[in-house]
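Going from the sequence shown to the numbering used here is simple: count from 1 and add 118.
Treat the hints with care, since some could be wrong.
As the list claims (entries may be wrong) - Computed list of lysine-lysine pairs in DSBU-like fashion (alpha-carbon distance at most 35 angstroms, straight line):
(1) K135 - K182
(2) K135 - K242
(3) K242 - K317
(4) K125 - K135
(5) K242 - K182
(6) K125 - K187
(7) K125 - K242
(8) K317 - K187
(9) K182 - K125
(10) K317 - K125
(11) K135 - K187
Quick caveat, the hints were computed from the structure, so don't treat them as lab data. As the structure is a prediction and not an experimental result, all values here were calculated from the model.
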Amino acid sequence: MSAQQNKMSILTNGIIKENPVLRLVLGTCPTLAVTTAAFNGLGMGVAATFVLICSNMVVSALRKVIPDKVRLPAYITIIAAFVTIVQMLVKAYAQDLYSALGVFLPLIVVNCVILGRAEMFASKHNVVESALDGLGMGIGFTLTLLLMSAIREILGAGTLFGMTVIPESIDRISIMTTPPGGFLTFGILMALVVYVETKLGQSKKRAIGCEGCPSSGTCQSKGACN
Numbered sequence: 119m120s121a122q123q124n125k126m127s128i129l130t131n132g133i134i135k136e137n138p139v140l141r142l143v144l145g146t147c148p149t150l151a152v153t154t155a156a157f158n159g160l161g162m163g164v165a166a167t168f169v170l171i172c173s174n175m176v177v178s179a180l181r182k183v184i185p186d187k188v189r190l191p192a193y194i195t196i197i198a199a200f201v202t203i204v205q206m207l208v209k210a211y212a213q214d215l216y217s218a219l220g221v222f223l224p225l226i227v228v229n230c231v232i233l234g235r236a237e238m239f240a241s242k243h244n245v246v247e248s249a250l251d252g253l254g255m256g257i258g259f260t261l262t263l264l265l266m267s268a269i270r271e272i273l274g275a276g277t278l279f280g281m282t283v284i285p286e287s288i289d290r291i292s293i294m295t296t297p298p299g300g301f302l303t304f305g306i307l308m309a310l311v312v313y314v315e316t317k318l319g320q321s322k323k324r325a326i327g328c329e330g331c332p333s334s335g336t337c338q339s340k341g342a343c344n
């Protein structure tokens, strides 16, 4: 595989093959919480993408400097710095989005998608590849949030980005704007992904144990999690 093809593979990996939400089942808390409206889903996705790209690049640049014993606290500190920047920018220029996302904006610090990519990818690859990985994962995360929030907003409120798309004469499915509606939409999309995987012959076994652990490569007590 050429260098160009490798970079393209890294970029597209997070969009389809290893979508962080629908394939890796990461970041489900903000996915379920903020997808009641398309504007919120898009805003959260863009914010997380910015943090993903920037934190991946910094972690990659410092991967040979950060001691292995303190790598996770160091990653969290780096991520927290960029989350703080995003939080201040959103509060200054998008007050409505800041109010809508609430506590879930600062909680990007502990988003499993971001910490997982820092541990699994950025700490082992160069800056350019890490940036592409962050961009691809961010796009996949954003598209999933946007799809979920669009479905829930259209069916639950009859609007999309605040604009009416379903006439007032048609009843809304109000449960779609509640937590059960979020779980229902999430489950249907995951089932659809599994169905498509099966039809295309690309289904894969999802291991539980050390094989699926992000820290399996550096763990000092392999087998303890089984």
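Hint check:
1. At roughly 29 angstroms between alpha-carbon atoms, K135 and K182 fall within 35 angstroms of each other, so this suggested pair holds.
2. Taking the CA atoms of K135 and K242, the gap is about 20 angstroms. The hint holds against a cut of 35 angstroms.
3. Pair hint K242 plus K317 holds up; C-alpha atoms about 34 angstroms apart against a cutoff of 35 angstroms.
4. Pair hint K125 plus K135 holds up; C-alpha atoms about 15 angstroms apart against a cutoff of 35 angstroms.
5. Proximity of K242 to K182 is assessed by CA-CA distance (about 9 angstroms); at most 35 angstroms being required, the pair is judged to hold.
6. About 30 angstroms separates the Cα atoms of K125 and K187, which keeps this hinted pair within 35 angstroms; it holds.
7. At roughly 15 angstroms between alpha-carbon atoms, K125 and K242 fall within 35 angstroms of each other, so this suggested pair holds.
8. Taking the CA atoms of K317 and K187, the gap is near 44 angstroms; set against the 35 angstroms cutoff, the hint is violated.
9. Of the pairs offered as hints, the one joining K182 and K125 holds, with about 22 angstroms between alpha carbons and a cut-off of 35 angstroms not exceeded.
10. A distance of roughly 28 angstroms separates the Cα atoms of K317 and K125; the hinted pair therefore holds under the 35 angstroms criterion.
11. The suggested pairing of K135 with K187 holds, with an alpha-carbon distance near 31 angstroms, which does not exceed 35 angstroms.
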